[in-house]
Each structure stands twice: as C-alpha cells, then as structure tokens.
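Participant: This is what each chain is made of:
Number of protein chains: 2
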Amino acid sequence: MFPFKNNIILTRTANRTLYLQLSDQLIRYIKSGKLPPATKLPGSRKLAEDLMIHRKTVIAAYDELISQGWIETIPAKGTFVTSTLPIINPKDFDKKTSIRNTKNKSSFSYDIRPHLKRELNKNTSKKNVRIEDGVPDHRLAPIDEIAKVYRNITKKHHHRQLLTYGSVYGNYDLRMALVTYLNQTRGLRITIDQILITRGSQMGIYLASQLLLRNRKRIVVGSTNYMTADNTFTDAGGIIEQVPVDQNGINTIVLEELCKIKEINAVYVTSHHHHPTTVTLSAKRRMHLLQLAKKYNFAVIEDDYDYDFHYNNSPILPLASNDINGNVIYIGGFTKIIAPAMRIGYLIGPKDFVDEAADLRRIIDRQGDQLLEQTLAQMIKTGDVQRHCNKVLKIYKQRRDLFCALMKNKLGDYFDFEIPKGGMAVWVKLKKPYDWDTISKIALEQSLEITPNWKRYDNDNSGHNGIRIGFATMNEEEIQNVIEKLVEVFYSIDKNS
Amino acid sequence: MFPFKNNIILTRTANRTLYLQLSDQLIRYIKSGKLPPATKLPGSRKLAEDLMIHRKTVIAAYDELISQGWIETIPAKGTFVTSTLPIINPKDFDKKTSIRNTKNKSSFSYDIRPHLKRELNKNTSKKNVRIEDGVPDHRLAPIDEIAKVYRNITKKHHHRQLLTYGSVYGNYDLRMALVTYLNQTRGLRITIDQILITRGSQMGIYLASQLLLRNRKRIVVGSTNYMTADNTFTDAGGIIEQVPVDQNGINTIVLEELCKIKEINAVYVTSHHHHPTTVTLSAKRRMHLLQLAKKYNFAVIEDDYDYDFHYNNSPILPLASNDINGNVIYIGGFTKIIAPAMRIGYLIGPKDFVDEAADLRRIIDRQGDQLLEQTLAQMIKTGDVQRHCNKVLKIYKQRRDLFCALMKNKLGDYFDFEIPKGGMAVWVKLKKPYDWDTISKIALEQSLEITPNWKRYDNDNSGHNGIRIGFATMNEEEIQNVIEKLVEVFYSIDKNS
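So the protein lines, in turn, are chains A and B.
Take 348 as the starting number for the first sequence in my numbering and just add one per residue.
Take 348 as the starting number for the second sequence in my numbering and just add one per residue.
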C-alpha cells in the first residue's frame with residue numbers, strides 16, 4: 348500500500364487550510380500515477396490517525412476530491428481513485444513536430460498601422476522622477492470603498508445574475524444612476540435610451556469614430572489636439588482637418604469657412620479644457636458651434652474628460668446640455684475621478700446613434716463588467732463618488748497653486764504659462780532660445796524624465812514649443828523636488844551657453 | 348442663527364454612520380443656500396449637546412466637511428462655511444435654448460451596419476423557460492472566491508499601482524501565469540511576448556479580424572459557422588468563403604482547392620468543438636491545415652472557446668501547440684470557465700502580430716481591468732481556477748448525460764443528434780416534416796422559448812434544420828421540465844396534423 352504517512356506533509360502554519368493541503372497532495376500523487384486509477388484509499392479514521400489530524404479534515408479532503416471527480420466512494424466497499432479520470436494528459440496530434448519550437452514571427456500578412464506606433468512610451472527606470480501629462484494620483488483612489496461595495500454586492504443573492512450575459516448597453520442600475528447624475532450635475536436632459544456604458548472615454552471616441560469616419564469622412568479638430576484622438580480618427584479611416592485654437596477654444600469662424608468649402612462629418616472638441624492647451628471653449632463659440640452643426644449637419648464629439656475638475660469658477664455646462672437638434676455625442680468617464688484602472692465611461696447621444704454604437708460594441712467585447720458597474724452605480728447613489736470627487740478636487744487645487752507659484756517664482760524666466768482653471772496639467776511654453784530636445788536630455792541626467800514622446804503635443808508641427816506638465820500626481824514634496832530639478836537643468840544649460 | 352437642533356435629524360438605526368448623516372445634512376443646507384458662505388457654525392461641544400450626540404461625532408463630521416472643502420476653520424475665530432464653495436451650480440451658456448428638450452434623433456449621417464443587427468434578441472418574459480445555445484451556469488460561478496481574492500489584493504499596499512495606467516498587453520502577473528498554465532495544459536511553447544490579455548475571446552476575434560481582413564481580404568469558415576464571428580469578419584471588411592463541415596470538422600481538401608484559385612488571408616476554426624455542430628477537427632486535418640497555412644501563407648484563427656470542457660476522452664492539443672511556422676493566432680478566455688461577466692481572455696500569436704494587436708487595442712479601450720486580472724492570476728497560481736473547472740466539468744457531464752438520455756428516450760422520433768464529447772450544447776437536427784418555425788411558435792404557448800433568432804445557425808441558408816440546445820445552464824429538474832415541455836409541443840403538433 349502507498350505510504351501515506353511518509354509522503355504527505357501538512358503544515359499548520361501554512362496559508363492554505365489543512366484539508367486543501369491534503370487534497371492537493373493526493374491529487375499530485377494521482378496525477379503522477381503513484382496512486383493509479385482504482386487504488387483503494389485508507390478510511391478517514393485510519394488516515395487521520397496516521398497523519399495526526401482530525402478525522403473531519405480527512406473527510407473534507409475526500410469530499411473535495413469526490414466533487415472534483417478524482418476519487419469515488421463505492422457503498423460498503425470504500426473509497427477509490429476514480430477509474431476514469433476527468434483530466435488526463437491531452438493527446439498530441441503530430442508527434443514529429445511537437446518537440447520543435449514555436450516560431451515567433453508571423454508567416455502571414457496583415458494590416459500595419461504606422462500611425463498607432465507613435466504612442467509607445469520608452470521603458471524607463473523606476474528611479475527617475477517622471478513628468479506626466481495630466482493624470483490623477485492613484486494613491487488617492489477610494490480603493491477600500493470600491494472593494495467593500497464590490498464585496499457586498501457579490502454577497503447578495505439576486506446580484507448573481509450580474510455574472511451572466513447582460514445588456515450590451517451596460518448595467519441597468521448604472522445607466523439609471525448616470526441619467527439622474529448627469530442630468531442634475533451637467534444640465535443634460537437625457538433618458539435611459541440615450542446612454543451606452545463604455546470602457547472609459549477612449550472606447551466612446553473609438554465607437555464614434557468607427558461610425559462617423561469610415562471611407563475618408565472629414566473630422567475637424569483643434570490645432571493642436573489630443574494625439575490619441577487624432578490617431579483614433581485616422582485609424583477609423585477619417586481625414587483630419589485642423590482649425591486654430593486660441594484663448595477661447597477652437598476658432599468657430601474658421602470652422603464656418605471650412606464648412607462652406609468642404610463636407611464636414613464631425614467636429615471633435617474637448618470643450619471644458621481643450622487638450623492639450625487647457626483653454627475653455629467660450630459660451631459664444633459654443634452657441635456658434637451648435638448653430639453650425641445644425642446648419643451643416645455634422646456631429647459634435649464632445650469629449651468632456653475632466654468636467655469634474657474645475658477650481659476657480661463654476662464650469663460652463665457642456666454643449667450636450669443644449670443639444671436641441673440632435674448633433675452632440677457626449678463622452679465622459681470615471682477613469683479620472685476614481686482611478687485610471689476603473690475603466691468605466693459613457694457615450695451619450697441621439698437614440699438611433701447609441702443603438703448603432705451598441706451593435707458595434709457587441710462585436711468588440713460583448714459587454715462591460717456588470718459587477719464593477721453595479722459597484723459604481725451604488726457609489727453614485729450613496730454620494731460616495733461625489734464626496735470623493737470633492738476631496739481630491741481640494742487636494743488638486745492646492746497642488747496646482749503650489750506648482751504654479753513655484754514655476755512662476757523660480758522658472759518664470761524660462762516658461763510662459765497661464766494658471767489653468769481646472770484639469771490636472773499646466774500648458775507650459777518654453778521661451779526661446781531653449782528647446783525641449785536639449786532640456787529633456789539634460790533633465791534625464793538629473794533623473795528627471797520629461798515624457799519621452801513630448802513631441803506628441805506638436806502633432807501638426809506648428810512649432811508652438813509647449814508641453815503639458817501634470818501636477819495632480821505629485822504631493823507637495825514631489826512638486827518641490829521636480830521644480831528643484833528643473834532649476835538645476837536650466838542652471839546647467841545657462842552655465843554652458 | 349440657523350436652528351440646527353430642529354433641522355438636523357439623526358437616526359441611530361440607519362445604515363449610514365451618524366457623522367456622515369450629519370455631514371450629509373449640513374451639505375444639503377449649504378447647497379440650498381440655507382447656510383450661506385461665511386456662516387459661522389456652532390462649536391462642536393454646543394452642537395453635540397443640541398443634537399444629543401457625542402462630541403467626537405460632530406468633530407468627525409466637521410473634519411469630513413473640511414476635507415471636502417465645504418467649511419473651514421479659522422484659528423481663534425471658529426468654523427465657517429467656506430466663502431468660495433468648491434461646487435456651485437454650473438453656468439448655462441445659452442438661456443434661450445436650455446429649457447427645450449434634447450432631440451432624440453440624430454441630425455448627422457453615420458455608417459449603418461445592417462449585418463450587426465441580426466444578433467439582437469427579443470425581449471422576453473421572465474416567466475418563460477428559455478433554451479440557451481450553450482452558455483455556462485452562472486449559479487456555479489466562484490463569486491465568493493473572486494470577491495475574497497479581489498479584496499485581499501486591494502488591501503496590499505504595493506497593489507495600489509494596479510490602479511494607475513498599466514500595460515496595454517495586460518497585467519504582468521496574469522500574462523506570466525497564463526504562459527505557464529497554457530504551456531502546461533495545452534502543449535503551447537510560448538513566451539510572454541506572444542500574449543495579449545483581452546476582454547474575453549470576442550475581443551481577440553475582433554482584433555485579429557481588423558488586422559487581417561480590411562480591404563476585402565478573404566477568410567475561410569466552415570459551413571455553417573458561429574454567427575458572431577462571421578459578423579465580426581464582415582464588419583472588418585473581409586469576404587467570407589465557406590467550406591463544408593463534416594464529422595471531422597472543416598474539410599481541408601476543399602480548402603486546398605480554394606487556396607489554388609483564390610488568395611486566402613485567414614482561416615477561422617473552432618477546432619476543439621466546431622461551432623455550432625460540436626464536432627472535433629481530426630488530427631489528420633489539423634496537420635493538413637497547418638501544411639496549407641505554411642504553403643499558402645495564411646493565418647489560422649483558432650478560437651478555442653471551450654477547450655476546458657471535454658467529458659469522455661482527453662482533448663486533442665490545439666493547432667497552436669504545433670505552430671512551428673508562425674501561422675496560428677490562438678484565442679481563448681475565461682468567460683466560459685468562470686462566468687460570462689468575467690471578461691478576461693487572451694490572444695496568442697507571433698510576437699510581431701501581438702504587438703500590432705496591442706497597438707490597435709490601445710485606441711479601443713486603452714487597457715484591461717488590472718485588479719481583476721491580478722485576481723485571476725492569483726486564482727490560477729493557487730489552483731483555484733483548475734479546481735473550479737474540475738468541479739463544474741463533473742456537473743456539466745451529468746447534465747449532458749441526463750439531457751441526452753431523455754432526448755433519446757422521449758424525443759428520439761423527432762430529433763437526430765450525437766452526444767457531444769464536450770462543450771455545453773448538443774447539436775440537434777429536427778427530422779422532417781417538422782420545422783423550427785412551427786415548433787418555436789407552439790413552444791412559446793407552453794412558455795418555452797427557443798432562442799428567437801434560431802435561424803442564426805443557418806446563416807448560409809443551407810437548410811440543415813439544426814440548432815444548438817445548451818444543457819449546461821439547467822439542473823436536473825430544469826432539464827426534465829424542458830424535455831416535458833418539448834414532449835408537449837410535439838404531442839400537440841402530432842395531434843393536430
């Protein structure tokens with residue numbers, strides 16, 4: 348008989364409960380053939396004595412093995428290793444080739460999309476201090492609350508159905524909560540058939556682009572514009588037309604002239620804070636833009652990625668709040684408020700368009716994560732999201748104020764910038780005769796990493812010499828550290844020039 | 348002074364802690380203007396006495412309000428409602444239009460994709476018993492384990508970085524765990540640079556289609572084939588070519604003839620169990636298919652959606668295990684093993700192709716849910732996933748056996764079918780002179796719903812008269828109930844004919 352006593356080692360201090368340790372080891376012996384099919388196992392009393400454990404532990408282990416199909420109990424005879432095992436080694440279908448290695452290069456042709464390559468980041472050292480372009484501080488994310496609510500939701504029996512296939516439009520409770528929340532906070536007047544839950548705003552941009560821009564349709568963007576959006580438009584098959592951006596956002600007069608000579612299918616705006624320059628689209632231009640949309644029948648993709656982050660004044664309502672003609676596709680999300688990893692967003696628009704977007708979304712990833720969506724719905728309903736938002740807003744405002752004050756005091760000779768009214772980044776222009784190539788090279792020597800693809804802010808090659816510097820991820824000490832490093836950089840440049 | 352004592356009502360039995368009840372109500376009064384900016388609030392001792400609560404509760408509520416920016420403490424003066432409030436009503440930019448309703452119909456043009464409409468399900472009554480086409484039983488999903496592991500992960504400080512932007516390729520630990528797991532269980536020999544984590548297998552099919560089929564490239568599928576895959580290929584711009592499917596899977600001889608006359612860019616196979624007919628691609632044809640792929644330089648999209656579900660014999664290794672030439676794109680996922688809502692899958696292929704797919708995925712939804720991915724990684728490493736898989740496998744086998752036995756005994760006169768070796772559905776052909784249109788109509792009178800778009804199994808209009816009937820979602824009682832209902836349906840048809 349197999350010497351169970353000598354071969355099974357149980358550790359009371361291990362992380363794994365005793366009965367699972369026991370069943371693990373029995374499975375290993377069954378798999379390896381040391382306990383072949385139809386082997387009789389010792390009775391639970393006997394094995395418990397041998398291993399000096401409670402008999403209940405052995406019974407629990409046997410139950411586990413029975414439920415997994417490794418062993419079976421035959422009445423009045425005892426417990427045996429199953430004669431037909433559930434998992435056996437899979438069969439190879441061609442022995443000759445199976446020892447050779449898989450080739451790691453494709454032998455077929457596919458579509459190469461060079462425009463998408465531009466977003467790759469260099470792998471960087473962890474020791475470096477890195478300047479981000481405006482992302483939230485994940486250290487502030489309310490992860491404990493999320494995990495707690497998530498856990499409570501899974502405990503409720505009626506929530507089990509969230510585990511099966513659900514609506515492509517997203518979890519019903521979340522859609523309802525968002526309709527109320529957005530109607531209240533952003534002046535929208537939407538109903539539930541106008542909203543599709545997405546995986547963050549990026550999926551909203553992707554869906555809208557695929558539906559609006561195939562076959563060389565034209566989309567107008569500001570010059571300069573958020574690069575990932577530009578790439579998404581190009582990838583969908585669209586042609587990008589640019590209009591200038593000034594202190595009041597994109598220039599709608601130039602847009603009007605463009606509409607007269609070319610067929611425009613869509614206009615993309617980050618109305619609340621233009622990306623990258625952080626300016627707000629003025630009320631006058633908002634009205635003008637909607638008039639043009641009506642006249643020329645184009646769609647306005649309003650990407651309201653950081654509506655929640657405004658510091659001084661109350662925000663201007665989004666274009667979507669005045670969309671009386673059915674022209675606006677409104678896109679937002681919770682990645683900035685909660686955490687980049689919580690990829691829940693929404694696409695809002697006229698019902699027919701939302702339906703079409705849902706049909707497309709079904710073949711992309713079928714549906715969202717209903718459990719997480721239910722979690723967010725609950726956190727909106729209890730006010731947890733809004734409370735968290737107010738908290739981080741206060742912190743980000745302090746960080747913005749400190750960062751801008753230090754920039755002004757210590758680096759005012761080198762940079763031009765306006766204090767942004769909201770958002771998580773400052774649009775900083777380097778004065779002549781400095782250039783970012785030199786700066787970023789010398790900065791790296793100081794372990795300060797200015798986002799390696801900073802050229803992305805100038806994707807239309809206008810030579811504006813600006814970049815975004817995110818302040819939200821840095822606490823007071825980190826801000827002071829970055830400023831000191833920048834001072835060092837300019838000191839070293841000036842010394843050598 | 349504002350009558351706090353009369354206006355604030357705290358309930359000790361409520362779900363919400365006292366200090367949050369207090370801060371909620373104070374916020375409401377601040378927002379409504381009843382406590383205007385710069386109002387002095389009572390001291391904590393005074394307010395505690397008035398409300399008959401502990402002073403610490405008042406302090407906690409004030410701290411909460413301070414951190415949210417609603418109130419501020421001025422040393423030696425007291426506590427005041429903040430003079431510049433963080434959230435004020437947003438400004439409307441066009442008063443004239445803002446009272447009118449949003450139009451719910453678009454005033455712009457976009458791409459309509461009629462082929463995607465075919466998947467819409469009818470909204471059905473909850474009272475009906477519904478025949479599914481082969482989905483897992485979500486009641487068996489290990490949701491408690493998932494929630495527990497998820498919670499533990501969020502508690503670890505170093506996991507906080509999972510909340511920020513991460514790799515487009517997916518969580519590193521999950522990729523590592525999958526490389527080991529798939530190499531061990533499926534005979535793959537891949538490295539970490541050959542895997543991309545997706546949102547379930549559907550995203551893998553979508554990404555591969557977008558890269559392989561744009562601009563009217565040809566893809567070969569079996570006749571008949573999984574409809575959602577066909578729709579995804581069409582949507583990407585591909586042209587579908589069909590070859591027959593028999594007991595050994597798709598006919599590779601016919602495929603070879605096709606390759607001689609047309610340029611084929613890809614072949615789609617559900618090699619383990621062909622969808623919908625459940626047949627397994629034979630070893631001989633697997634080898635032939637790989638030879639053809641090498642000779643004609645096409646990609647094989649191997650959708651191994653239910654590799655884990657095999658009942659009688661050991662499974663044949665996937666094509667990907669013998670991909671010595673770099674032709675196979677291997678797609679799988681955990682939606683079937685764990686639950687449809689856990690939309691984690693993978694795309695495996697030659698490195699260059701995986702990189703291109705990752706670039707495309709970046710503009711679709713940026714990245715996956717790293718917390719959930721880390722959870723799954725842990726559950727694979729501890730063996731929880733495999734243990735769960737063995738458990739449900741045993742249950743599904745019993746359900747298959749019962750379902751097939753009852754079908755044979757009670758409905759053998761009406762149906763032809765083979766007992767499937769694996770998977771979650773039986774491919775059932777209706778004998779002449781019956782037809783599904785009549786059956787499904789009469790069945791609905793019995794509150795039995797045969798998936799309303801059952802015609803989707805015959806998307807090439809070959810008239811095979813077959814549908815898939817899923818057995819996995821039904822327990823013993825439910826199976827007996829469905830069979831009884833079907834017997835009733837045929838009894839009523841025969842009686843009236």
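Keep in mind that the hints were calculated from the coordinates and are not lab data.
A hint or two may mislead.
Claimed, not checked - As a list, the in silico BS3-like pairs of lysine-lysine whose alpha-carbon atoms are at most 30 Å apart:
| hint | chain 1 | residue 1 | chain 2 | residue 2 |
| --- | --- | --- | --- | --- |
| 1 | B | 757 | A | 495 |
| 2 | A | 698 | B | 607 |
| 3 | B | 757 | B | 741 |
Claimed, not checked - Output of the computed footprint for chain B on chain A, the stretches with three or more beta carbons under 8 Å from beta carbons of chain B:
| hint | segment |
| --- | --- |
| 4 | 482–492 |
| 5 | 730–741 |
The C-beta atom is built at its ideal place from N, Cα and C for all residues, glycine as well.
Participant: Now tell me if each hint is right for this structure.
Facilitator: Consistency of the hints with the structure:
Distance restraint check for residue 757 of chain B and residue 495 of chain A: the Cα-Cα separation of roughly 50 Å exceeds the 30 Å cut-off, and the hinted pair is therefore not satisfied. A distance of roughly 47 Å separates the Cα atoms of residue 698 of chain A and residue 607 of chain B; the hinted pair therefore is violated under the 30 Å criterion. A hinted pair counts as satisfied when its Cα atoms are at most 30 Å apart, and residue 757 of chain B with residue 741 of chain B qualifies at roughly 24 Å. With 6 residues carrying a beta carbon less than 8 Å from a beta carbon of chain B, the segment 482–492 of chain A meets the three-residue requirement, and the given coverage holds.
Interface restraint, the segment 730–741 of chain A with chain B: holds (6 residues with C-beta to C-beta distance below 8 Å; minimum three).
When each numbered hint is compared with the structure, violations occur for hints 1, 2.
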